[in-house]
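Each chain, written out:
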Amino acid sequence: MRGLKLGLALLLALGLSLSGGSALAADPIKIGMTGALSGPGSDLGLDALHGMEMAVKDINEAGGINGRPLKIISRDDQYDPSKAVTFAKELIHKEKVVAFFPSTATTPNLASEQVTLPGKVPHIIAGTTSDIVCPVGKCDPYAFRMAILNSWQGVALADFAVNKLKAKKIALLYDNTEYGRDGREMLMPPLQKLGVKPVYEGTFSLGDVSFTAQVKGAKDSGAEVMITWSLGAEVARIAMEKKKQQYDVPMLGSEAITMANFRSLGGAAAEGTYIADRMRAAYSNPDPNVKKFMERYLKEYKTDPKMAVPSWTITYYDAVVWLAQVLKKVGPDRAKVRDGLENSAPFIGVTGIKYAYGPGKHNAREPEAVAMVMVKDGKLVDPVIP
Amino acid sequence: MSGLLQLILGGLSVGSIYGLVALSYNVIFKTTTVINFSQGELVTLGALCGFTFYVTWGLPIFVAMALAAGVVACLALMVERLAIRPIKDVSNNFVWIMSTFGFGVAVKHTAMLIWGRSPLPFAKFIGGDEPLSLLGALVLPQELGIITIALLCTGLLELYYRKTIFGTAVRATALDRETAGLMGINTKHVIYFSFGISGALAAICGILVSPITFADPTMGIVLGVKGFVAVVVGGLGSSLGAVMGGLCLGLIEVFSATIIPPIWQEAVTFVVLILVMLIKPSGLFGRAR
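First to last, the sequence lines map onto chains A and B. Take the first sequence: its position 182, counted from the start at 1, is 224 in our numbering, and no numbers get skipped. Take the second sequence: its position 115, counted from the start at 1, is 114 in our numbering, and no numbers get skipped.
Worth flagging that the hints you see were computed from the coordinates, not collected in a lab. A couple of the hints might just be wrong.
[Unchecked claim] Residues of chain B clear of chain A, computed beta-carbon distances all greater than 12 Å:
hint	residue
1	Ile34
2	Val70
3	Phe100
4	Ala105
5	Gly195
6	Leu222
7	Val270
8	Met276
9	Phe284
[What the hints assert, rightly or not] Below, in silico cross-link-like pairs of lysine-lysine (PhoX-like), each with a Cα-Cα straight-line distance of 25 Å or less:
hint	chain 1	residue 1	chain 2	residue 2
10	B	Lys279	A	Lys261
11	A	Lys418	B	Lys123
12	B	Lys123	A	Lys421
We put the CB at the ideal spot given by N, CA and C, even for glycine.
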């Protein structure tokens, strides 16, 4: 027995000495991330984490931040605001991360940033698109957004429905989370500008089983187009119910339904849906940089190539690379990183996307960034108007 | 008219699901006066096992259903053995609320490790994607199947309770466990059996709902809560009440979504629950204790 204990102790000591022997032995610089890595929205949450992992790998292989490795500490908030708050506090106060990527989903992001933004840690919002999280011109000095905004998607969707699809009657279906409600608020002004008032509005909760009433309401209102603002599985269920009720009008949706499960679950019912995305559909994009990134993403994460959409992975990759550039320049100090990001020169991402911050400008992208994509044969491609 | 029927059918099919979950709560409550707060996760596990047996392995649906029911029934027995019995014997308090809930959390996270975190597509196994036209209302064969199977399960369970000697033993145990034991009924077996049946019902429910909601590791939260509301509204202890509670809840949800302004919809379920609790605390079909 004593021999066994001694052996174990020896093994442990050996293990400890081995683990300390990697190339970058210095103390890592930690960045924190919480995301909906399970539950609703998990497709996008995992895409986000993968983008960060790819970037950290590249940065560390190239020598890290002035010799110190970069390390992600990630937590799965399961789309739950209370978990997001707990994890955000843990990452910021206990792990002392130098920059924090708040949740990939609106509700948990909003809940945690109210608690953690006053703590003066740079928050990099690369996923969430809801305006309310970092409003244009009124964003917290410590919040920086790499993603597109709901208001920009609202303009694109309204324009597409009214000017391209020639619809005069529009039905809105949105979930009752902050994401769905923010989307509705952002969609109304551009619709009004085009002289259109929705003929039907229906809401639902995430995880709802029945969409009979909402789809029937839209159908009875005679709407010629349905615009949805919710997540993949829910909109897939709406699409299936719509198909069942033989309500044959074009469906449009916000960026969140670029997530794979909208297409894998919705199947035939998801075909032909138009979506406002943060970049042109990767499958239709001949840019060699996009192709190269896509190939690596598929190879390292073995995602079904048909289902894979690299747009969130690209944004998170870019966000970490940009952050690393700033860290190299100013060192791992929260206030200096904030100033560094705000005053940094415009950044060109791995696929050529341009991001720029400035004093009072904490949304790095421009409204023109929004691109419409379409579901065809289970893939996202450039839209075709019938 | 066809519009009204469309809503009624929609409400009945979702209500049958709530009713089945409610029934599975009730089977356990009837014999032990315990509410198993991991019931939603048992439904989830049924759906995910069904996914493996039916979609991945390609077994016939009834075989898949029976196998999944078996697996989940075993797990339900574990709930009794691990989360309820050790605590019930120690003291007469309500620790089982937390222990059954905790068991559910463990089940959910284990399921996520096995089946992943995303919802899985589950093909419709009754009919196809083409809806039937019923007096102008469009309904999927799967939805009609859900309603039929839910009613069938309730009927069989009631028959079992009323007409068989085992059923009599269950009712005796429910009425007074100690006296039933003195009368020579092995109450431990009766309780085991109830958990098994409850697990099997949960599994069947999970498989039935999957083609409509997909097999999702997190589906148990919503179904667990809705089933709980249904069983309380219907009246704890009554099988008929559980199913009627489910159907009422389904219909109320669908109709309220057409009548009530969007912002109030989420509150409807719970307003109904509170109203029933105020007016008839024993539930619509429950007997006052």
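Practice task
Would you list, in rising numerical order, the hints stated earlier that this structure does not obey?
Solution key: Violated hints: 6 and 10; rest satisfied.
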